[in-house]
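Undergrad: Chains as they are written, first to last, in our numbering: chain U, 1 to 410; chain L, 1 to 91.
Do not rely on the hints blindly, as some may be mistaken.
[What the hints assert, rightly or not] Across the chosen pairs, the derived CB separations fall in these ranges:
#	chain 1	residue 1	chain 2	residue 2	range
1	U	Pro-150	L	Ile-36	55 to 63 Å
2	L	Asn-62	U	Val-288	15 to 23 Å
3	L	Ser-3	U	Glu-227	55 to 63 Å
[As the list claims (entries may be wrong)] Which chain U residues stay away from chain L? Per the calculated CB distances, all over 10 Å, these:
#	residue
4	Lys-51
5	Pro-53
6	His-81
7	Glu-122
8	Arg-186
9	Pro-289
10	Leu-331
11	Leu-336
No wet-lab data here; the hints were simulated from the structure. Glycine included, C-beta positions come from ideal geometry on N, C-alpha and C.
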Amino acid sequence: MSRVIGLKCRECGAEYEANIQNTCYECFGPLEVHYDWDEVQNTVSKEKIAKGPSSIWRYADLLPIDGTNYVDLGAGYNKLHHAKNLGKILGLKELYILDESVNPTNSFKDRVTSVAVSKALEFGATAIGCASTGNLASAVGAHAAKAGLPAYIFIPGSIELGKITQMLAYNPHVIAVDGTYDDANRLASEVADMHPDWAFVNITIRPYYTEGSKTLAFETAEQFGWETPDHIVAPLASGALLCAISRGFNELEQIGFVDDSKKIKVSGAQPLGCSPISTAVINDTEVVPVKNFKTIAHSLAIGNPADGYYAKQVIQNSGGNAASVTDEEILDAILLLARTEGLFTEPAGGTTVAGLRRLVENGDIDPDERTVVYVTGNGLKAQETILKALKQPEIIKPTYSEFTKKFGHN
Amino acid sequence: MVSIRFSSALNNLTKTRATTLELGDTTIKGVFDELIKQFGEEFEKRLFENGEIRRFVNVYLNGEDVRHLSGLESPVTDADEISILPAVSGG
């Protein structure tokens with residue numbers, strides 16, 4: 001039996017068969033996966049998970065895939081670092097960082113893509129597609145290559161060279177658009193709509209795709225011995241990641257794996273230069289799309305966030321808050337994380353750490369709270385941006401005296 | 001002649017993926033008034049709530065979200081292209 005009953009509209013509750021579809025035909029609302037929880041309960045167990053693969057597929061019983069034909073490059077089951085050094089500087093007694101930079105294409109997007117491309121194979125899709133700010137492009141390129149399917153990737157022309165180089169190596173069809181991510185996404189949406197047998201991971205099969213992010217919650221709880229944190233901090237772009245992590249904890253409680261998922265405070269961080277969700281949370285207003293934005297955190301530069309409305313609800317209902325941080329704070333946070341915990345992240349991760357710092361300073365996070373921060377991407381992809389904040393090494397002659405002249409030892 | 005492309009989520013109402021209208025100079029609201037005449041109340045209900053474009057509906061005028069223009073009052077001229085799409089973006 002399948003654990004997936006079908007798709008359900010988040011707005012009006014209309015139900016549909018599981019298919020390549022993202023929109024409700026009754027009200028245009030977004031669809032989400034509708035599970036048979038009895039079936040899930042019959043198959044899932046902590047013991048089975050413990051014996052599972054070292055990837056997101058250890059949680060297969062909680063994901064919307066039938067069978068075992070996974071496109072698995074090894075995404076997930078990453079280390080939850082006890083960030084004692086950073087915690088001490090920020091005044092937090094128990095700070096943890098889930099490091100997503102070590103995924104197969106070096107961002108959390110491998111989780112969602114692994115689920116989406118596996119589902120695309122199940123549906124018999126003839127091609128994979130996406131709109132991307134860079135990280136998803138690489139994840140889709142890699143997973144489509146592994147699945148043996150062509151990929152169509154729509155990107156804004158301005159993304160970092162580090163991300164383009166990685167993506168091009170997988171040889172997808174790249175459509176670089178003269179415009180922002182929102183422009184690339186609109187074009188991709190129109191193309192996706194005209195090609196019903198292509199699976200656009202974050203557009204037409206988005207309901208399944210976002211499920212992959214729940215594994216961040218599963219991993220957190222498992223590594224805590226099936227306990228929940230008190231507070232989590234996630235980056236905000238479309239808002240889908242933060243919503244999925246929160247949903248993941250709630251589902252663990254639904255199946256009896258954890259208690260108190262409703263007590264977890266959920267907070268988010270967004271770059272000030274593109275902050276439609278964090279602004280709405282801080283000012284308690286509607287999420288208003290922004291058109292002109294400028295930030296070094298390209299992965300978070302989505303002016304019209306599809307899940308912004310829901311992300312704001314999740315944050316406010318949980319008692320969390322949001323922070324909008326400047327480019328300078330983002331760069332400082334990248335270096336702070338590197339110098340305290342040895343983790344090198346891109347500006348999206350810098351945004352989250354800078355947001356954490358701001359939330360602590362504002363009293364939104366209590367020093368005693370067990371806090372988990374999701375650092376979603378690797379600094380190697382944004383070297384040009386980060387290099388600008390770093391002092392270049394001085395070149396010396398290869399002699400011991402030159403060394404002692406510089407470092408003062410004899 | 002204004003050209004309009006419909007999302008496949010409207011297929012069961014419009015029975016077509018695209019249409020054209022001869023309206024002269026008008027507004028987005030003028031275009032929708034005409035489309036509602038053609039496709040009926042259900043079309044209006046699907047896309048509008050309390051007279052405003054639903055949160056999960058994006059209407060693009062020559063590739064620009066009308067929310068960034070003047071919304072329903074955005075001027076539309078004869079050679080313009082309009083797309084109606086679900087609001088799905090980001091990951």
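Undergrad: Of the numbered hints stated previously, which ones are contradicted by the structure, given in increasing order?
TA: Structure breaks hints 1, 8, 9.
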